[in-house]
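4 protein chains.
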Amino acid sequence: MSSDQRLATESTDRSSLPDVPDETVKIAYIGGGAREWTPKLIGDLALSTGIRGEVALFDLDYEAAKRNAEFGNWVQERDDAVGDWTYNAVEERADALDGADFVILSTQFNPAETFVHDLRIPREYGIYGAVGATIGPGGIMRAMRTIPVYKEFGNAVREHCPDAWVFNYTNPLTWATRALYEAYPDINAIGLCHEVFHAQDMLANLVEEYMDVDEVDLDEIEINVKGINHYTWVDEARWRGVDLFELVDHHLEQEDAEREFTPEELEDVTPFVDNNQVTWELYRRFGILPAAGDRHLVEYGPWFIQGEMPDDLNRWGVKRTTADYRAKHWNPSESDQTTDVEAWMDGDAAFELEDSGEVAVEMMETLTVGGLMKTHVNLPNTGQMFDVEEGAVVETNAVLTADSVRPITAGKLPRQVRNQIRTHVNNHETLVEAANEGDVDLAFRAFLNDPQVKTLQTETAREMFAELIAAEREYLPDWDLEGSAVLAGSDAFDA
Amino acid sequence: MSSDQRLATESTDRSSLPDVPDETVKIAYIGGGAREWTPKLIGDLALSTGIRGEVALFDLDYEAAKRNAEFGNWVQERDDAVGDWTYNAVEERADALDGADFVILSTQFNPAETFVHDLRIPREYGIYGAVGATIGPGGIMRAMRTIPVYKEFGNAVREHCPDAWVFNYTNPLTWATRALYEAYPDINAIGLCHEVFHAQDMLANLVEEYMDVDEVDLDEIEINVKGINHYTWVDEARWRGVDLFELVDHHLEQEDAEREFTPEELEDVTPFVDNNQVTWELYRRFGILPAAGDRHLVEYGPWFIQGEMPDDLNRWGVKRTTADYRAKHWNPSESDQTTDVEAWMDGDAAFELEDSGEVAVEMMETLTVGGLMKTHVNLPNTGQMFDVEEGAVVETNAVLTADSVRPITAGKLPRQVRNQIRTHVNNHETLVEAANEGDVDLAFRAFLNDPQVKTLQTETAREMFAELIAAEREYLPDWDLEGSAVLAGSDAFDA
Amino acid sequence: MSSDQRLATESTDRSSLPDVPDETVKIAYIGGGAREWTPKLIGDLALSTGIRGEVALFDLDYEAAKRNAEFGNWVQERDDAVGDWTYNAVEERADALDGADFVILSTQFNPAETFVHDLRIPREYGIYGAVGATIGPGGIMRAMRTIPVYKEFGNAVREHCPDAWVFNYTNPLTWATRALYEAYPDINAIGLCHEVFHAQDMLANLVEEYMDVDEVDLDEIEINVKGINHYTWVDEARWRGVDLFELVDHHLEQEDAEREFTPEELEDVTPFVDNNQVTWELYRRFGILPAAGDRHLVEYGPWFIQGEMPDDLNRWGVKRTTADYRAKHWNPSESDQTTDVEAWMDGDAAFELEDSGEVAVEMMETLTVGGLMKTHVNLPNTGQMFDVEEGAVVETNAVLTADSVRPITAGKLPRQVRNQIRTHVNNHETLVEAANEGDVDLAFRAFLNDPQVKTLQTETAREMFAELIAAEREYLPDWDLEGSAVLAGSDAFDA
Amino acid sequence: MSSDQRLATESTDRSSLPDVPDETVKIAYIGGGAREWTPKLIGDLALSTGIRGEVALFDLDYEAAKRNAEFGNWVQERDDAVGDWTYNAVEERADALDGADFVILSTQFNPAETFVHDLRIPREYGIYGAVGATIGPGGIMRAMRTIPVYKEFGNAVREHCPDAWVFNYTNPLTWATRALYEAYPDINAIGLCHEVFHAQDMLANLVEEYMDVDEVDLDEIEINVKGINHYTWVDEARWRGVDLFELVDHHLEQEDAEREFTPEELEDVTPFVDNNQVTWELYRRFGILPAAGDRHLVEYGPWFIQGEMPDDLNRWGVKRTTADYRAKHWNPSESDQTTDVEAWMDGDAAFELEDSGEVAVEMMETLTVGGLMKTHVNLPNTGQMFDVEEGAVVETNAVLTADSVRPITAGKLPRQVRNQIRTHVNNHETLVEAANEGDVDLAFRAFLNDPQVKTLQTETAREMFAELIAAEREYLPDWDLEGSAVLAGSDAFDA
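Same order as they appear, the protein sequences are chains A, B, C and D.
Whatever position you read off the first sequence (first residue = 1), add 3 for the numbering used here.
Whatever position you read off the second sequence (first residue = 1), add 3 for the numbering used here.
Whatever position you read off the third sequence (first residue = 1), add 3 for the numbering used here.
Whatever position you read off the fourth sequence (first residue = 1), add 3 for the numbering used here.
Extracted from the complex, chain A is given alone in its bound form (with noise of 0.2 Å):
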């Protein structure tokens, strides 16, 4: 580097100018209590030498966040733990984030019973939501949850680690991420979701499969996203510059693009199959090709889940989340979770130590040491797409560097889809500024705007409202439900 076009420079006393950073760090884990997320993270912490330090775990469940933290521990131990980390439970969040650099939220409300709520009360409403994690009335309900704890988080990190990187895992992730900077709009929040993952996953498959290609790295398939979380759109998709859209045509003129499938078929498989019949049909219908997981996909689409139930959904290789399901997934004794830190500490199964394939900790070291890193992230629009709102949160690709985030644009969407967009930003929006005031009439207008409920006369959709209100009841201490206009005549909350 060279500057022999200046003149002269003066030279100068030194104090009180910044000092070369080290790459040492404080992770902040906001339900570090997680049976799967905590140990996967623990893992390739292990495993990076990019950045090293403290991770402080909180969870409303101090059992859970010390029991990770000696797992953490306990893998630091081992040879092939080439990273460099302390791990600690804490008993108060403020500890957790006092000076951290990174935050993780990863968080729920008592899933195992509010999620069957969410799931149970608008089937009895013809409402034949598939996973009711996003949007529909299950979704908004998450969502009432929700928005008022984050903004609270958003105001915590303001006040202990105003520079710190979140990286919000939660659930309805749009929304939690948007209150976030509700309460605090200088927040360096991001919205991390791995739906977008199938889709390159997907576009790989067809790489191999057409071209013959033998092991395509997920990292190659290049692929402008657009939209909002789980719901998002690629219009460009690229392979070592090949247009992969040439396949995905070909692909559709074959006889598996157009499978159907039977009850009986999805029987033994989990609700979290995909059989990407969805994503094509949804190609065929709006000319763009969707990015999500096909369960989640259906729920923006009215049309997949009314009808004959369950065979209309099923037809598409695609299986209702019930609310039975839902409440053995979060009993670990009922559930499928694959993580089990007391019987690999106690030597009961055998611990292998592997990058899990997450990228946080890619992005942890990027946003510490720099250099280059490309993801898609949740973030508010800044002109990442131009067609939407300003300030919504919309999840494209953004590029990361140190100490920076910024996303990449990406473009228009056709007409019909940021149709859809648009209407659940309207929602989105309109239930933060709702849960700003508590106003549940208010709510109630975005409940009634969401394509699941449209269809229903504004009097059962009360009904519905105020039923998995009430159920929900002790969830929602910020909401004024005594003063809602819409609550007061209803039985269902009344009871």
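These aren't lab readings, by the way, just hints derived from the structure by calculation.
Please note that a few of the clues may not be correct.
Repeated chains share a single entry, so a pair holds when one copy, or any two copies, can fit it.
[Unchecked claim] List time: in silico SDA-like cross-link candidates among lysine to any residue, alpha-carbon distance up to 25 Å:
| no. | residue 1 | residue 2 |
| --- | --- | --- |
| 1 | 415 | 440 |
| 2 | 457 | 315 |
| 3 | 415 | 186 |
| 4 | 457 | 262 |
| 5 | 29 | 245 |
| 6 | 29 | 359 |
| 7 | 331 | 475 |
| 8 | 377 | 291 |
| 9 | 377 | 219 |
| 10 | 457 | 255 |
Position chains B, C and D relative to chain A; hints supplied.
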């Protein structure tokens, strides 16, 4: 990569599917007779192993192109030329473009003559433009000469190599790039310029000086760039996560940041001298850091080039590029150009094969074989500048991957800077619209709106405009000079 | 008027300056054979002294036009006919348009047939559209028939009477009006509809009822109107400055505002019955008052027309317009049309010359001789709805003066209503774009995006679409039916 | 009015419903001691039968208010005073505002002193502003004095008469009006100014002159107005439907439209002289007609007020308003004010009751009892100027009805004019934002961005700014002068 979630995939016929691409490319260089740029490219290609292929050089001066082709092939003979390239000079532009993967545009209209008019005539009207290459009366004249030619280039690309990546280096860069898109909206064209690198260089100097670091790599200076060519701005700057604005603010407290220069001090330096005093002044004035050489920046701030001249300009360490200097610069025998391919080939001078520091070859490699690269480019606005109109050519960072260049969102500008940017965008768009009809009177509206011209009475501006048009008449064949009401009554034009 | 501030004015030659205009006009009536509208216009003109002149009646049914022309001239003979008009039926449309100052457009494609398809076929697919004239499958079919014709009308106006004021009464009004502007962007066209007057009427009723006022003039009910035709909204309503929403809110507390109807109660009323129950329901749902007849409003709210039919629709006091009714309505002998020009002229019925209540003649007077008038119109958006895209045809108030119609700014809509408006705007724009290329597959995208269709599986919607197209094939000559991928595989279309 | 379509309506209790309003109003006049405006209003009210009531006059100079109140009641005694009004002078502003239906704002800060600074100091820096009331250094100083006061007025209106209609006549009109909305976004405030009437007057002159018409009523000159106060533009102008631009274009071919003036010719005329030469020049330059007095227009075009002064300004028939003239104008004994209420009441001069030509009373009548009226007003942008940012105060036509003022959409401006408008909007918004924090340094950003200041070096502009602030310090109590970095180092301010 796995897909165990999918139930089945059917085998298929693979005819007519795309092949796995290789790294062989054809580069068309329009203006390939250049004495300085072409040898640099030849050197960089000789050092590249990422791509290989053919370079077709086209120049209105065929002999110059031929000389460079000979030189290119001569370089390939060297042992240290690890790249694999063949050079041809072609007599027809179409032969260069046909099947090209990359097109380099770097052309000038008889600059030894036109630049002299561009600088001399406004000078007589009291306009002391420092360069005359971007805006001001000279810049607008240059745009009027250039836009029709670049629209024609856009059409030629559509005809001969519609998918090629077009790298435009020609000034006025914004107008030339915008004209390519006007003619062929789906063109893959980017405008490339070095000025932003100066800002990175300047910031690297500050890191070295104030943080006691020895050698800072420009790539590590991460800046968020936004604006228009030669008037770009930086509102975030980091080195390994360190906020460089702390260093800038510290530097501004040093005497060096308020140094004033006299005409005598500048007497023997070239007009390319850059003392950063304009940069500091603009930062003080607007609270955001400009990222272009001071000689370009002053053109955008009429307050720098009005008053007592040359003193009031020289005070900032900036020297006007005189018409005389321009004339010599383009006359090889009088110029200080440093490349001399004849001497090298004849053995009269020692040629050393070394990296030029240009990023063009690295960009071509990424666009061809993939990877991830970030650099600043000039592209139509698709959201990278949310507060500037869609389609205006703006300069921001962008991400390159295989066959893709996507701008990174840069956010908004302070009102006062945005105001200036939009003023010029209005002129860019007006002049392109005027060129579509050859409408000189509409072009005059842009001329009047230029900040350098704005303080002149309409009548005076009209005389200057007419005089410029009269002097450069032969370079304006696509403009309807005879039909112009503005020119009609002017003595200068009739003469 | 004075100008004593000016120092001097010079006298001048006045040749070729415009003359003082007079009030003689030519009116071209396309669809002038209408049995109901033309006699009304004839009556209103006979009572007008503001303008005078000639009326040229053109109709594909020349005899009908001739009959109306005779009637017009017959009316002029009356003593109480104070206006001064001559009526001619013309055989060529060009003869009507040449030199026209006003063009009235009111046409239908063989409605007795097409309307029956529009209503019957969707009914078979479970879509219980109440009118089928605006949106829904029937509305979209009607738009597909109408857009090419109205583009052609736009071109004819440009050719024969480019400065004429065009009053379009034809449904689907938004699409027909938008098509005129698509063909001829400088056209002076406005779309005119009565539905908003119903809202004023309803509000006047409330004033009379709750404020003990005897006769409230509709002109005194000032409302701020915004939306799209047949789905307009009112957020400000005043009578002599009294906020009428106080009355509306009071009325909603009365039993009458929650009255439910049975199919039996509606058995003997016409489909035009309006009990305002949908109006109140939408006001409760969205917090803003709709301003269109209930039968139109229900089409925009799928929740009204799904469920148990006809009960769930009739409950709101709304009755479906059956295909059978439509067929009869357009068959004079079976219709309940009230005008009968033959009987009048023959003396078989008594004709009374009276003001029809229509505002067309008043508008023509204002546009010709000046004054100030306010009414609601459908016009491309130029800011009257700041939150809707530019150029979309929207319905708001406008101000008329001599030769000028300018929309009044109406402000924004609540998110949930805006969401619906934009959904339809997307469909309007998509269908116009599709019509430009005759692209049936793009039209199908709009069809799928219609809220009435949205809940159908793509495949089902495709069959309905194909069946409609097949039935109305002869009215779709400008669409590329053969090139459509959507139609290609459909049994309905092939049959 | 009929409602035979409705099946039934139920009778109801009518308590607490609004009453039929009457035409009695209370007018609060802030600045009611004015020597010229208050008597005019008193006269107009005395001639009005549309409304009646009470006028409360408040002025910091209580005696002046009292004198005007006496005069008002004296006028009411006359036989030809058909209106019914009572006048009171009040000592507390709150007493004037309480329960007011209309508030008139017309105030000045010791203009005899401040105006002199506003004009004199910039003059010393070479800025030859013609009026100094709107923009330029003087205009910005005036805005800095005025914004805090008008925010305070906005708060007072919210407290005492939240639904009142506020007519603001105070300059700088845009800033004062904008400040009212900043403090109280729901205020019913409009900014009113006479300049646009001059354009109508000028156009009426052309009709009389070139169309041989005797007396043209200003109301018949229909113009489409858009821009910002004192820099409004007209792109449509008609008299009885005749396009007046034909007359304008004809006039521009006459010698009178290119007349030049000498300082001698202007010696004895007032600074209010208007020869329209600037109007014609701007029309030639931009292709659109300005609608404000020439003395205001020149302030927006720096090219008019730079060069050889006063010749280069006088050439256009415009004369600078000197500081001396300003000082005299506000000193009754030296002023040429024409009203003299004492003389009238004492019988020393004959008072004639006649219509002043002002529209304020007509506006109050329409807002109170209804009807339809069109005039130009200054209001926050809600779409009337689609190409200007939302909320900026712009001047366009508006429609008045009972209790409602709604802007009429005015369409877009040519790029070069829009560019200027947006420049000033940026300054309006910056200064309001600065005032919110008392941030002098941000105000200086707006100061630097003013076109009159823009050509000065930052340092020079800073000295002028500091000198102005120092001179007017006592009128800037809400600004944080001590905390300003810009002022800190300035000799002028320290002195």
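Against the structure, the hints come out as follows:
1. With identical chains, the CA atoms of residue 415 and residue 440 are at most 25 Å apart between copies only, with a shortest distance of 22 Å across copies and 33 Å within one.
2. Proximity of residue 457 to residue 315 under the C-alpha cut-off of 25 Å is found in both arrangements, the shortest distances being 20 Å within a copy and 15 Å between copies.
3. Proximity of residue 415 to residue 186 under the C-alpha cut-off of 25 Å is restricted to the inter-copy arrangement: shortest distance 21 Å between copies versus 29 Å within a copy.
4. For the homomeric pair residue 457 and residue 262, the shortest alpha-carbon distance between copies (23 Å) is at most 25 Å, but the shortest distance inside one copy (30 Å) is not.
5. In this assembly of identical chains, the alpha carbons of residue 29 and residue 245 lie at most 25 Å apart only when taken from different copies (17 Å versus 42 Å within one copy).
6. Taking CA atoms no more than 25 Å apart as the test, residue 29 paired with residue 359 passes inside one copy only; the shortest distance there is 21 Å, against 41 Å between copies.
7. When the C-alpha separation of residue 331 and residue 475 is checked against a cutoff of 25 Å, the pair qualifies only within one copy, where the shortest distance is 19 Å, while the shortest distance between copies is 55 Å.
8. Taking the shortest Cα distances, residue 377 and residue 291 sit within 25 Å of each other inside one copy (22 Å), while across copies they are farther apart (27 Å).
9. Proximity of residue 377 and residue 219 under a CA criterion of 25 Å is satisfied in both settings, with 18 Å inside one chain copy and 24 Å between copies.
10. For the identical chains of this complex, residue 457 and residue 255 are inter-copy neighbours only, at 23 Å across copies versus 32 Å inside a copy, given an alpha-carbon limit of 25 Å.
Every hint, counting from the list given before, is met by this structure.
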